[in-house]
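Can you build the whole structure from these sequences, using the hints too?
Residue numbering for the sequence shown is -19 to -1, 1 to 109, as defined by mature numbering (1 follows the signal peptide of the UniProt record, and there is no 0).
All clues given are correct.
With a straight-line cut-off of 30 Å between C-alpha atoms, the simulated DSS-like cross-links for lysine-lysine are: (1) K22 to K10; (2) K22 to K50; (3) K35 to K21; (4) K50 to K10; (5) K50 to K6; (6) K10 to K21; (7) K35 to K50; (8) K19 to K6.
Label-pair distances were calculated between CB atoms; the ranges are: (9) E17 to L77: 17 to 25 Å; (10) Q30 to A61: 41 to 49 Å; (11) E2 to M86: 35 to 43 Å; (12) K21 to E66: 23 to 31 Å; (13) I85 to V15: 23 to 31 Å; (14) M86 to E66: 30 to 38 Å.
Because the hints were derived from the structure by calculation, they are not lab data. C-beta: ideal position from N, C-alpha, C; glycine also.
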Amino acid sequence: MKCVSFLLCLCCISFVSSANELLEKYNHKLRQCVSEQKAKKALRKNQIQLSDFKYVLLINNLRIARCSKVEEMQYLLSAATEEPEPTLSQYNSFTLTELSTDEIMRLQVLSVELTDYNLETDFSSLYE
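In structure tokens, the structure reads:
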């Protein structure tokens, strides 16, 4: 019986350790995805209107979440027995539910128009 208890404890410890490792892997992938976005062409002022600013930030978050989706799912599955750290996809889902149908359509149009551009931009410098 003691052997079974020991093995159970060992499994729990390795499970928690695995979840922490997968969280670190997910965070590393997020940083890598941001770097990939920064490598794209610079966004210019004439490409977006000031009113589109909130969509551009969300589009950027959606891109990064898409890029890191595999690592995010691995982390969430490993943390199934505990409360996982919030992820970018969860934040995006919450934000998307706040948008109207027209806003979602605008978001989709902008996303296509800005596919090749770096949205990791200092927006204040665009509008000075």
